[in-house]
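Novice: So the protein sequences, as listed, match chains A and B. Just remember that my numbering sits 16 ahead of the position in the first sequence, which is counted from 1. Just remember that my numbering sits 16 ahead of the position in the second sequence, which is counted from 1.
What the hints contain is simulated information worked out from the structure, not anything from laboratory work. There's no promise every hint is true.
Heads up, the list lumps identical chains together, so a pair's fine if it works in one copy or across two of them.
Said to hold, decoys possible - Lysine-lysine pairs mimicking DSS-like chemistry, simulated, CA-CA at most 27 angstroms apart:
#  : residue 1 : residue 2
1  : K26       : K240
2  : K61       : K89
3  : K282      : K66
4  : K61       : K207
5  : K66       : K207
6  : K240      : K125
7  : K207      : K414
8  : K26       : K89
9  : K207      : K240
10 : K89       : K66
11 : K26       : K414
12 : K414      : K116
13 : K316      : K240
14 : K26       : K207
Every value quoted in this text rests on a predicted model; they were computed, and no experiment measured them.
2 protein chains.
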Amino acid sequence: MTDIVTMAQKAREASRRLANIPTDDKNQALLEAAHEIRENTASLKEANRKDLAAAREQGLPEAMVDRLTLSDKTLTQICTSLEEVTALPDPVGEIVSTWKRPNGLEIGKMRIPLGVIGIIYESRPNVTVDAAALCLKSGNAVVLRGGSEAIHSNLALAALLARACQAAGLPAETVQLIGTTDRAAVLEMLKQEELIDLIIPRGGEGLIRFVVENSMIPVLKHYKGVCHVYVDEGADTEMATSICVNAKVQRPGVCNSMETLLIHEKEAGTLLPTIAAALMAEGVEIRGCPATLSQVPDAKPVTEEDWGTEYLDLILSVKVVGSMEEAMEHIDCYGSLHTESIVTRDAGRAERFLREMQSSTVMVNASTRFSDGFEFGLGAEIGISTSKLHAFGPMGLKELTTTKFIVRGEGQIRE
Amino acid sequence: MTDIVTMAQKAREASRRLANIPTDDKNQALLEAAHEIRENTASLKEANRKDLAAAREQGLPEAMVDRLTLSDKTLTQICTSLEEVTALPDPVGEIVSTWKRPNGLEIGKMRIPLGVIGIIYESRPNVTVDAAALCLKSGNAVVLRGGSEAIHSNLALAALLARACQAAGLPAETVQLIGTTDRAAVLEMLKQEELIDLIIPRGGEGLIRFVVENSMIPVLKHYKGVCHVYVDEGADTEMATSICVNAKVQRPGVCNSMETLLIHEKEAGTLLPTIAAALMAEGVEIRGCPATLSQVPDAKPVTEEDWGTEYLDLILSVKVVGSMEEAMEHIDCYGSLHTESIVTRDAGRAERFLREMQSSTVMVNASTRFSDGFEFGLGAEIGISTSKLHAFGPMGLKELTTTKFIVRGEGQIRE
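Let's have the full structure, built from the sequences with the hints guiding it.
Specialist: Now the structure itself:
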């Protein structure tokens, strides 16, 4: 176990140098990493083949084997995304605000890296590179802990990243990967609160709950995305239908897709059957409340459990509500603080919905599928937080930094 | 234990209403609270006498008994500070920034309350009111857990606060105090991560470590303040002396007082003895490195343990360093990320110190004693964070809020 502590200590040391390294050097390390990956495609695929063989031996579903695979296409994407990160503005050193006190002190806030970030993830080896690149660009050292399925691929990628850092004059310990895949190593990592500043778990709800329950280090996470669309009284038929179909169907397996449709009772007679028909034409199974069932005969009855379920599939729960207030209460009760959207023509209700819903993203007349760091223009996404502390919603580079107070005086002392 | 869960659930319900309550109503509740306290001075003192009697019976030191006492003066201060909080701007609803995407979506960030805040504190009953007032003003419900020494005083104050909330039309559960003082209740509280958004422990390092080790909820805290002043080569004698004396002597028992003085070797011959004499004239005991001892014969030898110690007393450790780099390395190694100040006439080194020190407050030519929410102009202070997540440094009302993304569309769907 001491190697986890040693690793965290080395990351802490590296982070002290990284905090003050020029942007150009960090970008150089990212370009070197892309170069290393392109130069070492053969050995990366060799390492990856070991993971793929083990996956097939264990009988993992073909979809998972597919996500594990480092194909030429995946490797090219990884390199492209490394190059894209070099183009993002460096958040470190930005003066966020300044003000002057009556005694002449100048107070300001300056953006600095968090320090050391621990990332605990499952499956896809491209996360190793993507996450490391964002941590590096924001001046943080990173300790990675990937899933056992991808251990050989991850070790090979992490070795190239460390080499790229050294080639650019950054500490080799900027990027480190934990080489063991047992849970004891994770538990040890989660205790290093004096050495690691932030943990980001990426994976299923089980992994994330394990991390939250055992971590002494702050955790940024979301358990699940149970996103709602509320179709208001008087909503435009075409807009409501198009948003609902997009939110449910465009990519059902991700956290920002719609899981529950709430619709005003005055729209249950005509708009609801129209939306339902459009969804069913795309293969969506509808699970409805009694009022829904009477309008959509092909729907199945919804259960209490459905309301809190993230299907990640072509399934949708539907409820007819008497008012926007009832819709908001339903979301308060069953929502996951991820993303909610109202489709309405009423400006007053749009504003009330935007103001009163306490989810991390609240939308008017837009598909929930836009809830994403890239789509919001953050330039990159390290994850989405439904914890309210530090960052709430999609997180980009800035969310991997904090601010310190800087004070400029001329000898002031306190009376 | 179920009453802790029930309490947290009621706080969660209250927080949903509080998030959308107008500023005027929140201010009205604060004014009602001041009114209630003024009207009920006799019964508050009666409750307080029980705590004082128990404290004397247990033989608590007179200084602690003093801090427990609800005198006329303390009660007046409490009421004044309630009234001052009404004058602070309400952070909730502020649009922090907005931008437009190429597809026409308008993205913005709106400030919202965190939700439910748990405060775990020791001793002084005025914290009950001060902390509750800041949580209320920022639209948060609060669950308070004070120390056993002040339980009668705290219960009496919390009852008045709840009554004031009701009188102003706010939920009575805006402010709740846990009535038991056993640790099991704290442990139960720290598990309610779905109901409580933030824990702020205020007290000794032991209490804070207990909270961090056992909390599944994010914690904002600082363990201790080991603040440094570095006196640079060529520093102004008068300024260096005045800042060092102020930082150490003005109020030695608080976290932003200086605990270690670092001084450039070129200033060891004349400036160090001058500063040391000024400090010793104020009764400060100096514990020095060998180079200090040779210049300040009355100093005692420093030990390795001293460097990391928060004395909270008229004791100072002193080290002569060869360069600013050595000073920064010492701070990196032994500091607590609280506050560091450089006294210098060199603009370049001032900027390097401001940029490279990763503490929550970094100062040039000012006393560390200014590291404080009020002194920084935040209007109020709920505490100081040396955790880098969410808030780093003194925390005011804004740090009790987060931001959500708000998105205004015209029917956009994702391609």
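Novice: Starting from the hint list further up, note which numbers the structure goes against and sort them upward.
Specialist: 3, 4, 5 and 8
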